[in-house]
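A.B. asks: Chain A is fixed; fit chain B onto it per the hints.
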Amino acid sequence: MKNQTLHDSFIERLARVLLGKIKVRSFSLVDIPIKFRNVHRIVMVKFLTPDFDVVCKSWGLSDWVFLRVHDVSLCLNKFKLKRLTLRCINVKPKKAKLRGLVSVNSNISLCNAFPQERVNKIAYTRRTDFFEKGTIPIAVFCPIIKNKALKLILNKKEGVILVWYSRARGSDEPYYLFLCRKLGQQASGESIVWTWVSMACERGGGG
Amino acid sequence: MPKASAVSKKDFFIGYLYISPFSNEGIYTGAVMITDFRGIPVDFNYVEPIKPTRLERVLYGNALEAYLREELILQNLVKSVTKKPEVLICQDSSLVVPARSLVKYPVIAIEQYSGLPLETAGTYERLPDGECFIYQVEEVGPPIKVCFGFSPQQAEVEALLHILKEAAGYMDLLEPFRRIVKALDVIIEEC
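For the record, the sequence lines run as chains A and B.
Last residue of the first sequence: number 1503 in my numbering, and the count goes up by one each step with no gaps.
Last residue of the second sequence: number 257 in my numbering, and the count goes up by one each step with no gaps.
Please note: incorrect hints may appear among the correct ones.
Computed, partial: chain B to chain A, Cβ under 10 Å [stated by the list, open to error]:
id: 1; residue: F103
id: 2; residue: V108
id: 3; residue: Q141
id: 4; residue: K145
id: 5; residue: G181
Restraint-style ranges between C-beta atoms, simulated for each label pair [said to hold, decoys possible]:
id: 6; chain 1: A; residue 1: E1469; chain 2: B; residue 2: T186; range: 18 to 24 Å
id: 7; chain 1: B; residue 1: Q178; chain 2: A; residue 2: T1491; range: 37 to 43 Å
id: 8; chain 1: A; residue 1: W1460; chain 2: B; residue 2: L193; range: 23 to 29 Å
id: 9; chain 1: B; residue 1: Q178; chain 2: A; residue 2: R1463; range: 35 to 41 Å
id: 10; chain 1: A; residue 1: K1452; chain 2: B; residue 2: A221; range: 44 to 50 Å
id: 11; chain 1: B; residue 1: V169; chain 2: A; residue 2: E1469; range: 29 to 35 Å
id: 12; chain 1: B; residue 1: P194; chain 2: A; residue 2: G1466; range: 26 to 32 Å
id: 13; chain 1: A; residue 1: E1469; chain 2: B; residue 2: A129; range: 48 to 54 Å
id: 14; chain 1: B; residue 1: T186; chain 2: A; residue 2: L1458; range: 28 to 34 Å
id: 15; chain 1: A; residue 1: I1432; chain 2: B; residue 2: K170; range: 47 to 53 Å
id: 16; chain 1: B; residue 1: V252; chain 2: A; residue 2: G1455; range: 39 to 45 Å
id: 17; chain 1: B; residue 1: A129; chain 2: A; residue 2: L1458; range: 26 to 32 Å
id: 18; chain 1: A; residue 1: D1468; chain 2: B; residue 2: A221; range: 35 to 41 Å
id: 19; chain 1: B; residue 1: Q178; chain 2: A; residue 2: I1432; range: 23 to 29 Å
Calculated from the structure, these hints are not laboratory results.
The beta carbon of each residue, even a glycine, is placed where N, CA and C say it ideally should be.
So here's chain B without its partners, still in its complex pose:
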């Protein structure tokens, strides 16, 4: 579990894990990007686009997507990480649990919350499911929804939210996902 006091703004990395959903082209891919506290990439690994054959689609059936995303791509991406991040952020909450079983650092999913902003930066509310939180991570901006994939202890929540708040002071927490998507688009075009 990360210790809030141990994290200063310049000595931590944040990991971003993106695995593409099923597209019209039937291509699966994914990437993991590690950034410093300013959002500048320090490590970027991606999976060569995978296009399952018709035979594979028939053989795997409905399990194909889960197999490709949660086992094959996820495992290989997580193993490729060379700079250990303070937290690994997924764009998809369904990846949190399988990713956590593979790494020792915290794994969460975040997304923009469409509701009203909370009163001040740093305040948070636990949602009824007990696994997700609404967090006002910055003074000027929408709150974010943070999903842990399990019901965390209070200390664990606060430590992790502290890291997010520190990072949000220097970067847009959700923005790296847009860069990953653009980079993957280029990679798919090249193939």
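Isolated chain A, as found in the complex:
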């Protein structure tokens, strides 16, 4: 109780001392210019798919740019960014042009690696008088430029013949390549024979 009395007494005295010294002022809010500040930072997030080709001109890189790689692939002689994120803070791109979503590449060597295929057209052969008696054509592959063929492989499973051509200059005369069965020669083991027939001869009616 005694402490409480002292405390009250102290507050009363202090109030008497300060009361005359406190200035109370009033002011109007009308004349004060109020500034709005935008604390929001512009953050641009660009997702570049592997097929994006972005040409950016005159980037005003004033602050921060983050490039985050998500996925890469490494092929022979190729390093490819498959997915990445470009995050720009305080960057004002003046001009960004998207060329398109696709990228076109050239690879002639890849295509040259594949041989040409010739399917069996025996079902469409009308003339079989190129051959002597006892020789029956069972398959024909055409047209094949005989002098340019480097390698020929019969794909028995698919019934096609694979042809690798030379690019060298020379005769371009096309041929039929017949696979024939010779009757009466099974014992000798040479019952199947390959026969070239010039398509020019066929056209001219020769044999």
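C.D. replies: Quick look at chain B alone, frame taken from chain A:
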């Protein structure tokens, strides 16, 4: 329009345009191959495989395939051609009209015709739609169906069929598409 008399066997190229249909993997790609009269490639350009995102599939809806194939891939492939072919052959007749609007050389689609062969090589029949022809392009082989995408004049038909017949004397006209598909398979595997 090509002039038949001007085309000799060794001075012309044939273009092959292939754009993959929608696959189970959801990948689109395509290629254009230019060959000489023997079918040997002289130019090959392909589009890096495109796999539309789920969002893109939702946004584009049914128009996605047409947009990708007929606009995006087709335009970029056609622009990439450096050796002008005598004729550009598409594997899909739906590509003929959009492709023709982009190039100055003839564009056609060909496919093997399952009907009986015509009498002799060089003969052809116009189909009822007026835009397609059955053509016996070689002596030994099935006829092919040639689609122009419009009703062509007689002279234009004969000039173009002459080119096909010249080429078919040295190569299998449809075979380059098989090589393109194989090459694209390799490219897709590498990605």
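A.B. asks: Please check whether Q178/B and I1432/A have a Cβ separation lying inside 23 to 29 Å.
C.D. replies: holds, 26 Å
A.B. asks: Is 47 to 53 Å a correct range for the gap between the Cβ atoms of I1432/A and K170/B?
C.D. replies: With a Cβ separation near 50 Å, I1432/A and K170/B satisfy 47 to 53 Å, so the hint holds.
A.B. asks: Is 26 to 32 Å respected by the C-beta to C-beta distance linking P194/B and G1466/A?
C.D. replies: Violated, at about 46 Å.
A.B. asks: With chain A as the partner, please determine if F103/B meets the hint condition of a C-beta pair closer than 10 Å.
C.D. replies: holds, 8 Å
A.B. asks: For the range 48 to 54 Å, tell me whether the beta carbons of E1469/A and A129/B fit it or not.
C.D. replies: Taking Cβ atoms as reference, E1469/A and A129/B lie about 50 Å apart, which means the hint holds.
A.B. asks: Lying within 35 to 41 Å: is that true of the beta-carbon distance D1468/A to A221/B?
C.D. replies: Between D1468/A and A221/B, where Cβ atoms are some 28 Å apart, the hint is violated.
A.B. asks: Between T186/B and L1458/A, does the beta-carbon spacing fit 28 to 34 Å?
C.D. replies: At 30 Å between Cβs, range holds.
A.B. asks: With respect to the beta-carbon atoms only, verify the hint that V169/B and E1469/A lie 29 to 35 Å apart.
C.D. replies: holds, 33 Å
A.B. asks: Between the beta carbons of Q178/B and T1491/A, is the distance compatible with 37 to 43 Å?
C.D. replies: Cβ of Q178/B to Cβ of T1491/A: about 26 Å, so the range 37 to 43 Å is violated.
A.B. asks: Given a hint of 26 to 32 Å, does the C-beta separation of A129/B and L1458/A actually sit inside it?
C.D. replies: violated, 41 Å
A.B. asks: Is the interface hint satisfied for G181/B? The criterion is a beta-carbon contact with chain A at less than 10 Å.
C.D. replies: Violated, about 12 Å.
A.B. asks: Honestly, do K1452/A and A221/B meet the 44 to 50 Å range at C-beta?
C.D. replies: holds, 46 Å
In this structure, the earlier hints numbered 5, 7, 8, 9, 12, 16, 17 and 18 are contradicted, and the remaining ones agree with it.
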